[in-house]
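Undergrad: Residue strings, one per chain:
Protein chains: 2
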Amino acid sequence: MILYHKNMNQSTKIQLKSESVLLDKNEIARTADLLSDYIQYLNSVAESQKYEAPESSINLPTDNKMLEVIEQVLLKFKNAQLKYVVVVGIGGSNLGTMAVYDAVLKDQNQQTNPLPQILFADTVSAKSLQNLINILLTCSKANEFAINVISKSGGTTETIANFEIIYSALREKFIDIDRRIIVTTEIDSKLWLESTAKKWSTVSLPNIVGGRYSVFSTVGLIPLALAGLNIQELLGGALQMRNACLQSDNQFNPALLSAVVTFLHYKNGVKINNSFFFNPELESLGKWCRQLMGESLGKQFDSVGTEVRAGITPIVSIGSTDLHSMAQLYFGGPKDKLTTIIYHSETESKLTVPNERMLPSLIVGINGKSPAKLMDAIVGGVAEAYKMNGLPYVTLQLPTISAETLGELLQFKMLETMFLAHLMNLNAFDQPNVEDYKSGTKKLLEST
Amino acid sequence: MILYHKNMNQSTKIQLKSESVLLDKNEIARTADLLSDYIQYLNSVAESQKYEAPESSINLPTDNKMLEVIEQVLLKFKNAQLKYVVVVGIGGSNLGTMAVYDAVLKDQNQQTNPLPQILFADTVSAKSLQNLINILLTCSKANEFAINVISKSGGTTETIANFEIIYSALREKFIDIDRRIIVTTEIDSKLWLESTAKKWSTVSLPNIVGGRYSVFSTVGLIPLALAGLNIQELLGGALQMRNACLQSDNQFNPALLSAVVTFLHYKNGVKINNSFFFNPELESLGKWCRQLMGESLGKQFDSVGTEVRAGITPIVSIGSTDLHSMAQLYFGGPKDKLTTIIYHSETESKLTVPNERMLPSLIVGINGKSPAKLMDAIVGGVAEAYKMNGLPYVTLQLPTISAETLGELLQFKMLETMFLAHLMNLNAFDQPNVEDYKSGTKKLLEST
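If you read the sequences in order, they're chains A and B.
Read in order, the letters of the first sequence are residues 538 to 985 in the numbering used here.
Read in order, the letters of the second sequence are residues 538 to 985 in the numbering used here.
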């Protein structure tokens, strides 16, 4: 059957549709009902405007106090000479920023655009660190850059190591470098204490908001605003989507609808979730989605402590590139994937295939068409192939790729994940097994 | 149990080790025996030096005639002014080139290196095409670039469309552009005929060699050689590995060992294969691995035509980045993944965490250490966590990241895939379901 998300008064820009032979109207209604108490609870969290529940990341889009703090940081750090915003952070501390940056700002930066660029230092790699340092050393004054160290706990090995290396490489040339450091961390973490003691600009985020839910907090907003993003639009999109997803009627609630579809397939053994983006600039958004689903739903124990080893493995595909590498598996292989096709059809383009072609005998039907028109046909063919093979898929149609639609998308995914965790009886907010490798690493670091 | 690949006379640089609770010595031997006839057959293919069997990509590393053709192309296209090598191709036509380029050459290019850069045009995207065209328009003469159009069949929509757009954007400024075009395609494809009629430099590859097995043919070697890669070293590594993997004793044959381990896990329901690279520059190699495994083993029908919907879903992880997004799922979630840890520990580095630190109270044990030393400890902790959780894994230790070790790795993976397909009773060389979306796309292209 085909499910359509009824977009009441066009309250959200994003439009969801789902098609699957597995779905049954009554089962969808029954499953959605299982979430009605939880949605009521989320509404009370939203009304409270407080940061007490783990779900309270949904209050970030309306947090005016936070915006005032950010305004102060921008006043100090934003200036006409600013060229580089360095984000030193990994996982939940940089993936949301990277997702929005790559989707909305990065292409503009490749042109002769006055916006500052964001440079990321995440994993420990001598090559990329050296490259980043070389770029910063081309600056003539510290005002030309800002370094934002982001670690919620304050104790992330890669982040601290990278910051120490960058700082020591720059301190000689930029003697006033301390003025250009912003530290984002939990209040009273060791990093907070060291940073305030050095009088670096130090900003917090609510302790209860986890890294993978923190893109609308100071974590994401400060570097994005410094790089020129309209964060009001981002938060506006997030708020619109939040409100749509707090409705109890599943027909009007896209995150509820998508969570129910995903859960019903999961129960039927469909344990891989494929986010298939047909705009290459959304690849980093895919990486953010991967963390959100992977960490939130991959759990050894359920909410009452029974060992379950639950989880849905998120994968990311980029069209049309991956049609030439993964389509054979997707269409011919095991029916173990639920696919979400995410696509914005670009309307404007100066480039088209010429009508007078060099190779006129090859490929009929492309003359005079823009790349976007060709992609429309490819996406149409892909949806057709999913249908033909009886493979389940959801489509998310994006009318634009903008700060606003990115805000919607990120918020949609976070609420969908909370709904899914609730249906799967899992804690969406912890990540206990990440410690499994950290103890071994710590031992090795201290013994060598 | 732990399996070690016995590297006779250090014939290959890469060293394989595997650890899994699932493995049993006798079962490994029995399974390896199932491949002994196939290995004998592969030896006869290698001895023939011909391109008749679908497996004959294994003869590319010793094909001197091909090298002579490539030499002619280089004589014509390589020159001191060459800045940009444009690869117009997708899937099997560019993923191998991208894998080697990103791993071995790209970082050098970011510095002030005299090597030419490779620019890729694969999917249809107005933004990236415009960007590529803008870069080429900075050239003052056509000698500063070479455009290599690669399509085995000659009928790839994206490739033909992109080439037409690029050509028409450049022809006015570069009136002698035809001199700078190289077309790589099958002899007698429509593209071959059009290209030779226009007197463009036109090179072939053996018809029997499929796109995903073509990295050591003209497809990969021409752009890589133009960009400055030592292709003799690449082919040398490939040949060393091929010879190791044609041995019948499984202890000395790393591809056989790895295929047997993967197959035994697959039979036990482990249907996701995770390539976990701890050097970020190997991410593109991961994308090549994805196509190889996805297209070769994702099959609706087995070799005798029975519907099986077989397949192993390849995923790619990048350490340490993905430890901060996927580790929770990997260590705590379903035991449905076999992981291969692929790592080269960089020995030299000018950068180290200073001993006099800014944040001395945070993270003990990193003082004076290089990024590579930190990564060693992280990789060690990860292997420990796999072991502790009873999760199966294989390690591939790379002594260097070079043309030679890339040659080994690519050849290793291709032979492993052939062995796996044989064990799974699948055709490793076709991709019939790719047509599933193409018919719909064609219809849409011709009707709009």
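There could be a bad hint or two in this list.
What the hints assert, rightly or not - Here are the simulated lysine-lysine pairs, DSSO-like style, with alpha carbons at most 27 Å apart:
(1) A:Lys-906 / B:Lys-906
(2) B:Lys-808 / A:Lys-808
(3) B:Lys-906 / A:Lys-727
(4) A:Lys-979 / B:Lys-980
(5) A:Lys-613 / A:Lys-804
(6) A:Lys-643 / B:Lys-808
(7) B:Lys-979 / A:Lys-872
(8) B:Lys-727 / A:Lys-906
(9) A:Lys-664 / B:Lys-727
(10) B:Lys-602 / A:Lys-924
(11) B:Lys-906 / A:Lys-808
(12) A:Lys-550 / B:Lys-924
(13) A:Lys-562 / A:Lys-550
(14) A:Lys-808 / B:Lys-887
(15) B:Lys-887 / A:Lys-678
(16) B:Lys-808 / A:Lys-804
(17) A:Lys-736 / A:Lys-710
(18) B:Lys-562 / B:Lys-924
Claimed, not checked - Short, incomplete list of chain B residues facing chain A, as computed with Cβ under 8 Å:
(19) Met-545
(20) Leu-560
(21) Ile-627
(22) Gly-628
(23) Asp-659
(24) Gly-902
(25) Met-912
(26) Thr-978
Hints were generated in silico from the structure; no laboratory data involved.
Even glycine gets a Cβ: it sits at the ideal position worked out from N, Cα and C.
Undergrad: All hints, please: hold or fail.
TA: For each hint, the structure was consulted:
1. A:Lys-906 / B:Lys-906: With Cα atoms ~55 Å apart, Lys-906 of chain A and Lys-906 of chain B exceed 27 Å; violated.
2. B:Lys-808 / A:Lys-808: holds, 11 Å
3. B:Lys-906 / A:Lys-727: Cα-Cα ~22 Å, so holds.
4. A:Lys-979 / B:Lys-980: violated, 58 Å
5. A:Lys-613 / A:Lys-804: violated, 52 Å
6. A:Lys-643 / B:Lys-808: violated, 36 Å
7. B:Lys-979 / A:Lys-872: holds, 25 Å
8. B:Lys-727 / A:Lys-906: With a Cα-Cα distance of about 22 Å, the restraint between Lys-727 of chain B and Lys-906 of chain A holds, given a limit of 27 Å.
9. A:Lys-664 / B:Lys-727: Given that 27 Å is the threshold and the Cα spacing comes to 44 Å, the pair is violated.
10. B:Lys-602 / A:Lys-924: violated, 47 Å
11. B:Lys-906 / A:Lys-808: With a Cα-Cα distance of about 41 Å, the restraint between Lys-906 of chain B and Lys-808 of chain A is violated, given a limit of 27 Å.
12. A:Lys-550 / B:Lys-924: violated, 47 Å
13. A:Lys-562 / A:Lys-550: Distance ~25 Å between Lys-562 of chain A and Lys-550 of chain A Cα, so the pair holds.
14. A:Lys-808 / B:Lys-887: violated, 45 Å
15. B:Lys-887 / A:Lys-678: Holds: Lys-887 of chain B and Lys-678 of chain A sit about 24 Å apart, inside 27 Å.
16. B:Lys-808 / A:Lys-804: holds, 18 Å
17. A:Lys-736 / A:Lys-710: Satisfied, since the Cα-Cα distance of roughly 20 Å is no more than 27 Å.
18. B:Lys-562 / B:Lys-924: Holds, at roughly 18 Å.
19. Met-545: Since chain A brings no Cβ nearer than about 31 Å to Met-545 of chain B, farther than 8 Å, the hint is violated.
20. Leu-560: violated, 20 Å
21. Ile-627: At 5 Å from the nearest chain A Cβ, Ile-627 of chain B passes the 8 Å test, so the hint holds.
22. Gly-628: holds, 3 Å
23. Asp-659: Because about 5 Å separates Asp-659 of chain B from the closest Cβ in chain A, which is inside the 8 Å limit, the hint holds.
24. Gly-902: This interface hint holds because 3 Å falls under the 8 Å limit.
25. Met-912: holds, 6 Å
26. Thr-978: holds, 3 Å
The earlier numbered hints that this structure contradicts are 1, 4, 5, 6, 9, 10, 11, 12, 14, 19, 20.
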